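Colleague: Below, each chain spelled out in residue letters.
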Amino acid sequence: MALITDPDNISYQLGTNPVGANLTVDLANRKIYLRTGASLTTDGVTLKCVYSKLKEIWKNEAACPKFTFPITPITDEQMEVINWTPGDDTTRQLFRTAGWAEKTNATTNREYAGIRSLGAVLGTEQVYYRQQSSDGAPTNFVNLGAVNQAIQTYGDSSNGNFDYRSYLKVFCRTQARKYSSANLASIGESSLTYKLYPMGVSTDADSKVTQSDVVVDAYGVTVTYYASPQSRTIGGSSYNFSVIVDGNNKTAEEIYMSLQSLLRKATDIDSGAGTRTGKIQDALAAFTGDSLYTQLTGAGGVYIDNFQSTDINRIFFTDDAGTIRTFPYTAALTINFGDNLKNDTDAIYRVYFTNDDAGSNLGYDFGTSNAILVNDADGNPMSGSVSAASSIVKTFAYDTNAQRGAGSAGVDAPVTVMAIGLSTGQYVVATSTIQRSTANVVSLVAALERNYANP
Amino acid sequence: MAVMSFDGVNKHIIVQYGLGEDTVTLEIMDVYSAWKRWVQTGDNGKYLQAFYSIGGEPLGGVERLGQAFFILNGWTFAPETVIQLSSLTINGNLFPQPETNPTLMFNHLQAGYSLAYNLRTSTLPVLMVTNGGGGSGGGATIEQIERSGGMLDKTFKNTNLIPALV
Chain F
239 MALITDPDNI SYQLGTNPVG ANLTVDLANR KIYLRTGASL TTDGVTLKCV
289 YSKLKEIWKN EAACPKFTFP ITPITDEQME VINWTPGDDT TRQLFRTAGW
339 AEKTNATTNR EYAGIRSLGA VLGTEQVYYR QQSSDGAPTN FVNLGAVNQA
389 IQTYGDSSNG NFDYRSYLKV FCRTQARKYS SANLASIGES SLTYKLYPMG
439 VSTDADSKVT QSDVVVDAYG VTVTYYASPQ SRTIGGSSYN FSVIVDGNNK
489 TAEEIYMSLQ SLLRKATDID SGAGTRTGKI QDALAAFTGD SLYTQLTGAG
539 GVYIDNFQST DINRIFFTDD AGTIRTFPYT AALTINFGDN LKNDTDAIYR
589 VYFTNDDAGS NLGYDFGTSN AILVNDADGN PMSGSVSAAS SIVKTFAYDT
639 NAQRGAGSAG VDAPVTVMAI GLSTGQYVVA TSTIQRSTAN VVSLVAALER
689 NYANP
Chain G
796 MAVMSFDGVN KHIIVQYGLG EDTVTLEIMD VYSAWKRWVQ TGDNGKYLQA
846 FYSIGGEPLG GVERLGQAFF ILNGWTFAPE TVIQLSSLTI NGNLFPQPET
896 NPTLMFNHLQ AGYSLAYNLR TSTLPVLMVT NGGGGSGGGA TIEQIERSGG
946 MLDKTFKNTN LIPALV
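Residue numbers (the working numbering), protein chains in the order written: chain F, 239 to 693; chain G, 796 to 961.
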């Protein structure tokens, strides 16, 4: 049964025992009770509907008019219960689509904010909330799926003795679905009063999560929240990050899956000295296409240590200032070797710039004594032994490599790659171009050597 | 005793004659093998390729297809001798690539000195290429081959000695 909005769909009775009807009006104790049954399910009833039903009761029941009317509406979604109270929390949790205050004359005893989720949430998903910014366990909304429930935000000394009207964060996190959360800032509020608040909480299938929590928890990815900013160098400049993820040499997808799993833990996920309950922490990273963006959290920006070098071009880091930082583009050159080189224990290869035309243009071309051996992204020459490899992948600092002189960084690099073995591989040379890509490939297939002698 | 070295800048295969030495004979396979080892040394890979070779395929038993070596990219032999009339003999099938006068494979550095260069080639199976026509299978007839004397000149067939004086 759906949410009830028609007073005709709820039964009532006068009395003190809330059994046998959906709505019980306890005139003696000035309480009203709601109980499920018949048409009323846990989907609840709008407060407006309850108000309307009470009007009908006050009109039709002779015993009622001599008592003050229980509810004063301000709007359809904001009401005051004055000198009456809902009989218990079971009753309160069946009120829908409204917030209300419970008052004794002009004195507020309790306040409830109605929370309704906007967006698609699966009926099996658990939405939960946290009313304090400090660490601690969150509270589940009573029903699974889309939310339409009031939560107490204020209680005087006799009603909980707290004031949570300045903070609220709502979460929905389900394995293999994109996480969602909303807070007061996201709905343009700085504090809560007793009315209805729509909050944008929606989830969607997360194609980047392909493994179970059990699998990804074994990846060894950790997160540490620091009280003071940690400096990390990106592209020669230092930036501050207060949240550091140790990627444990996993792929971007594996790191992301690990973080998502951590963010659903009800336990402390901070590998540092602090305590951070996973399921109430801000999102740490999100994919846009195949690019992984770290997020600016309440604790600061997020950096990932020990990610796989091949992912360097698709991880974007948000620092403490909220600025996205990226490493200079690192291209990759895959050098494929034919069998005659692969099988030659003496085979070597070297990668030279074909020319320096894009830079100084001093004639430092391949074939001359000034030919330039290309450095990889770590500054090491692209050369070495084939060592029985079918292929070797070399990184290239596309945006910053200026070996060819000023002006050569950030432009395509023509390269000449040579290899030579002794006993099985003849000399072979091939040209290619290192573009702003990780898919640059050059193949070296040497003829079989039958004419080498080393007596 | 002569010493051989490689000069990548000038693309010279330098043959340094020993004291009083006026005759040097090199096996082209040794030259080729030495060049390969030189390329692997240090940064010599940056220089243009000097040789490639073909042949050597086993034909059964101890027989092998005849070997041929090609010198390319303008590399030349550069003998260094103090004797005014000396000779350098290269044993093996060595051809310039692209095709040119074989004497251009040699570069005598020292002015006023004369050197005799000898290429001693061995028998190689030679494929005769014609422009087609004539035979039923499209191959050349004996008469056609005989008429194509210029082509025969280029085959180095059974040539035992090709002397050149520079």
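Any given hint could be a false lead.
As the list claims (entries may be wrong) - Here are some, though not all, of the chain G residues that point toward chain F, as calculated from beta-carbon distances under 10 Å:
#1 Phe801
#2 Tyr842
#3 Glu858
#4 Arg859
To be clear, the hints were calculated from the coordinates, so they are not data collected in a lab.
Predicted, not measured: the structure shown is a model, and the values here were computed from it.
Every residue, glycine too, gets a C-beta built ideally from N, C-alpha and C.
Colleague: Would you settle whether the hint for glutamate 858 (chain G) is holds or violated, based on the nearest Cβ-Cβ distance to chain F being less than 10 Å?
Modeller: Violated, because the Cβ-Cβ distance from glutamate 858 (chain G) to chain F comes to roughly 13 Å (cut-off 10 Å).
Colleague: Is the shortest C-beta separation between phenylalanine 801 (chain G) and chain F less than 10 Å?
Modeller: With a closest approach of 12 Å, the phenylalanine 801 (chain G) hint is violated.
Colleague: Given arginine 859 (chain G) was flagged as interface, is its beta-carbon under 10 Å from a beta-carbon of chain F?
Modeller: holds (8 Å)
Colleague: Would the stated hint for tyrosine 842 (chain G) survive a check requiring a Cβ distance to chain F of less than 10 Å?
Modeller: Given a least distance of 6 Å, the restraint on tyrosine 842 (chain G) holds.
When the structure is compared with the earlier hints, violations turn up for hints 1 and 3 and for no others.
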